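**Q** Residue strings, one per chain:
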Amino acid sequence: MFTTGSKLFLGGTVLSLAATLVYGATEGGGPLGTIGLISVTLVFAFLTGINFWVRDSNVSSMDTAGIESSPAAHLAPGRSMWPMVAGAGAALLPVGLIVGFAITWLAVIVLMIAMVEWMVQAWSEGASSDPVYNLGIRRRILHPMELPVLGAVGLGLIIFSFSRIMLHVPAAAGAIIFGGIATGVVLFGSLIATKRTVARSLVVALCTVGAVGVVGAGVASAVAGGRHVAKHEIPSYAEGTCGADTSGEADDKSSRAIAAKSNLAATIILQNGKLRAEVIGVAGNPDAVTLPRSTDSFIRFKNLDNGKFRLVVNLGKEVVDPKAATLTYREVKECTQAVEEGGDQFIIIKPAAPSPRDPSAPDQYSFTVPGVDSAVLGIVVP
Amino acid sequence: MTVPSNGGSRFVSRARRLALPGAAIAALTFLSSCAKDAPQDTFQPKGDNARNIDKLQRTPFYIAGAVFVVVFAVVMFCVFKFRDRGQKIPKQTHGKPALEIALTIVPALILVGIGIPTVKTLFMLAKTSDTQCVINVTGQQWWWEYDYPVQEGCGGITEPIVTSGEIVFPAKMNVLLKITSRDVIHSFWIPALNGKRDAVPGRVQTLRMEADHPGIYAGQCTEFCGLSHAYMRMDAVALDAAGFETWKTNQLAAYESPADGTAAKTGESTFLTQCSRCHQVNGLVNANGDPVISRPDQYVYSGAAPNLTNLMTRYDFAGASFDLITDDCRDKLWSAQPADFSALYLQGVTPECFDPVNLREWLRNAPGKKPMYADPAKLGPTDGKTRGMPNLNLTEDQIDQIISYLTERK
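So the protein sequences, as listed, match chains V and H.
The numbering of the first sequence is our numbering, which starts it at 4 and goes up by one.
The numbering of the second sequence is our numbering, which starts it at 821 and goes up by one.
Hints in this document: simulated from the structure, not taken from any laboratory.
If you're wondering where the values come from, they're calculated on a predicted model, not measured in any experiment.
No residue lacks a Cβ here, since even glycine has one placed at the ideal position from N, Cα and C.
Keep in mind that the hints are not guaranteed to be accurate.
[What the hints assert, rightly or not] Example chain H residues on the side facing chain V (calculated, C-beta under 7 Å, incomplete):
#1 L945
#2 T948
#3 V954
#4 N956
#5 D967
#6 T978
#7 P980
#8 G1022
#9 V1024
#10 Q1040
#11 T1042
#12 D1110
#13 I1113
#14 G1123
[Claimed, not checked] Stretches of chain H that chain V covers, calculated by requiring three or more beta carbons in the stretch to come under 8 Å of a beta carbon on chain V:
#15 993–1001
#16 1029–1035
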C-alpha cells in the first residue's frame, strides 16, 4: 500500500512529531523550537501525502491498468527499514541545529548511511526478476562496507562498555572480573572447538546474551559513574605544606612503575635519624649526592624510621624577577609527601643553577627531613 | 655489428657488460675493509667491553657467512643444473618430514648456540657492581657535557668537575657512564670502547667503558637529533693513572684572572658581558667580587652551555667538531704511542699548536659555522630560547679580546 518514498516521509513525520512533543515537554514549549518542529512535521506530512498520491511518480494513481502492468507490480520490493532510518535522520537534523552540533553530525551520518543503503537496495531489487540474485548483488556491494563498520562499532561498544564497568567496580574487583570474563571466553571457545555439533543458534544466542549483558552493564556503570579515587595533594613549600606536620597524609604507595625505579639518580634513606644515599656505581654511602644541572633527576626517599616523615630538597635561592629594578630572592625547596615507616616516595628535581662551591657559603644545597635535625645530606650541582 | 640471435646470447652479452663494473665494486668493497685509518671501526676494539661485543659478533658472523655460502652455492647449482632446457617436469612430491624436521632443528640449535653467549655478554655489559669511576654524560643539541660527581671512585673526586667535548678517564679502569639528555634523544657511541646507549630526556642509562691503553678514541652521536646531528661528535681520552691525577688537579685549580693591562684582561670584561650569561667559568667574579653564575636555562632551550673554565685543556670545541690546534699537532696527538700519549695530552693547547681560525669564525657567527636554531624570528616554539649558540654580533676587537682571554683558560 505504501510506496517507498511515502515510507520515508511518513517516518520523518512520525519522528518529527515525536521530537516536537519531546521538545515541547522538556523545554516548556519554547516558541521558536516548537514552531520550527511543527513546521517540519507538517512539511513531512505533506510530502508523505504527495508521494502516496502519485505512487512515487512511477505511475499515475488513476491509471489502474498501468499499476497492474508496471514492473513494480510484478516485482514487489522487499521490506526496507532505510526509509524509516532516513526519516529519522532528517528529523534529527533540525533537532541538532537547535540542540547541538553533535546531534547534527549524527543526523548527517544517519542520513548518508540511509541514502546509500536505500539506493543500493532499490537498485538491486530492480536488477533482475530473481530476488535471490538481487539480494546477492546487494550483499556483494554493501557487505565490504557494512561488515567492517558494524564490526568496529560493535567491538567499540563492547570495549567502551567494558571500560565503564572496570572504572565503576573497585580496583581489586576489576582484576577478578577481568580474569573471570577471560576465563569464560576461553572455556566457551574451547567448548565450541571441541563440540563441533553444538547448534549454531545456541552459539549465536549465547554471544548475543553476553554482548547485551556487557553493554547493559556498561550503560548502568556509566550512569552510576566511576569509583571514588582518593586524591593526595602534592605538598608545596610555597604553600607551607613541606614542614614537619604530616597529619592527614598517608600516601605510602609511591609509583611502582619500572621506569621510575630503574632510573634513579639516588636513593635517600632515613634511618636512625640520619640520611644516607645509595647511588648506582658508587660504593658505600657518599657524603654528598652530585646531581646534574638543568636536567631531571629521579630521587627515591625511603623511610626506615618509626613515624611519618618527608624529604625536603633545598636548592638555595633564586631571583623572583630577573628584570625587576630591585632583585628579590626566594628559597627553592621541594618535598615529598609524608612516608610511613618502610614506605617510599619519588621526587623529581631539576636544579637550574650550580650549588655554592665554598662549603662555608650560605644557601647550601641539601636534603633534609623536617622534625629530624640530624638528618642532613649535601647536594652538589656542578 | 652482431645482433644477438636469441635470448641466451643477449643474456651472455649483458652479463659480460656487467662483469667489469661488478668486479670493480666487489673489489672496492673488499679493499675498503683493509683501511687502517678508521677510528670508528667496531672491529678494532680497544677495551674489554668493546672486545666482548666483538667476540660476540664474530661467531654469528662466521656462521652466517658459512650459511650464506652454502645456500648461495646450492641455489646457483640448482639454477644452472636444472634450468629450463625443454626437459620434462620431474615428478612432484609434497613434504619430506625428515628434511623438514632437520631444517627446523638445525636453525634452532644455531639460535640457541648464539643466544647463550649473547645473554651472557648482555649481562656482562650491564654490570655496575665493579664500577671504579662514575661520570655523568649529558647530551644536548649538539654537544656532550661530562661531569664527574663527588666520589671515592676515579681516584677520589672531592669537587665536581665539568667539561665537554672530550671525556677524560683513567685507562684500565672500569668507568660507568650515566647517560641522559636535556632536550631530545641522542645516542652516545665510542665504537672502540663499547656499544651505543641512547641518551633519553628524563632517563638515566648506564654504559660501561674501559680502555686498554692511554689514547684518544673517536665517537659520534648515532641518533638523529636535529639540524647539526652530524656535528655532534665526541672524543674519549684515556690517560694513565698519574696523568689522570694531574688532569683532575688541573681541572680543579683555582681561577687565575689575567694580568692587568693585557688583552686577556679586557677579554675577561668582554666575556663577562657577552658570554657569562650562558658559559660558566669557575672562579670568575664580577665587579662586586661576587661569583658569576651562568644561567643558560634562561636563554638556551636545553638549559646548558659548555663550561669554559679549562677550554684550552681540550683540543676541540662545539661538540668536538672544530679543532683548536693545527692539523700537524692534531696528527701528532692522534698518532701518539700509549706510553707518550698522557704527557702529550696534558700539555693542552700550546701556543705553538694553537690555531685560532675555527674559534674566530665561531665567535664571528656561530650558526654560520655550525647550523643551529638560533634565528630570533623562528624561536616561537622554544619561548625565545635558542637551540645552540646565537650570533652575538661581536666586533673584531671583541673577538680578539675573548680569544686572548680564552687562551689562558688552561
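**Q** Restraint: V1024 (chain H) near chain V, CB-CB cut 7 Å. Satisfied or not?
**A** Holds. Min distance 5 Å.
**Q** Was the hint right that D967 (chain H) lines chain V, CB cutoff 7 Å?
**A** holds (5 Å)
**Q** Go through the hint on G1022 (chain H) and say holds or violated, using the shortest Cβ distance to chain V against 7 Å.
**A** holds (5 Å)
**Q** Counting residues of the segment 993–1001 of chain H with a beta carbon closer than 8 Å to any beta carbon of chain V, are there 3 or more?
**A** holds (count 4)
**Q** Please check whether T978 (chain H) passes as an interface residue: C-beta within 7 Å of a C-beta belonging to chain V.
**A** violated (10 Å)
**Q** Interface hint check: G1123 (chain H), Cβ to nearest Cβ on chain V, cutoff 7 Å. Holds or violated?
**A** holds (3 Å)
**Q** Mind checking the CB of P980 (chain H) against every CB in chain V and telling me if the closest is under 7 Å?
**A** holds (4 Å)
**Q** Please count how many residues of the segment 1029–1035 of chain H have a CB within 8 Å of a CB from chain V and say whether that reaches 3.
**A** Violated - the segment 1029–1035 of chain H has 0 residues with a Cβ nearer than 8 Å to chain V, which falls short of three.
**Q** Given I1113 (chain H) was flagged as interface, is its beta-carbon under 7 Å from a beta-carbon of chain V?
**A** holds (6 Å)
**Q** Quick check on V954 (chain H) please, does its C-beta sit within 7 Å of some C-beta on chain V?
**A** holds (4 Å)
**Q** Holds or violated: is the Cβ of L945 (chain H) closer than 7 Å to a Cβ in chain V?
**A** violated (14 Å)
**Q** Holds or violated: is there a CB of chain V closer than 7 Å to the CB of T948 (chain H)?
**A** holds (5 Å)
The earlier numbered hints that this structure contradicts are 1, 6, 10, 11, 12, 16.
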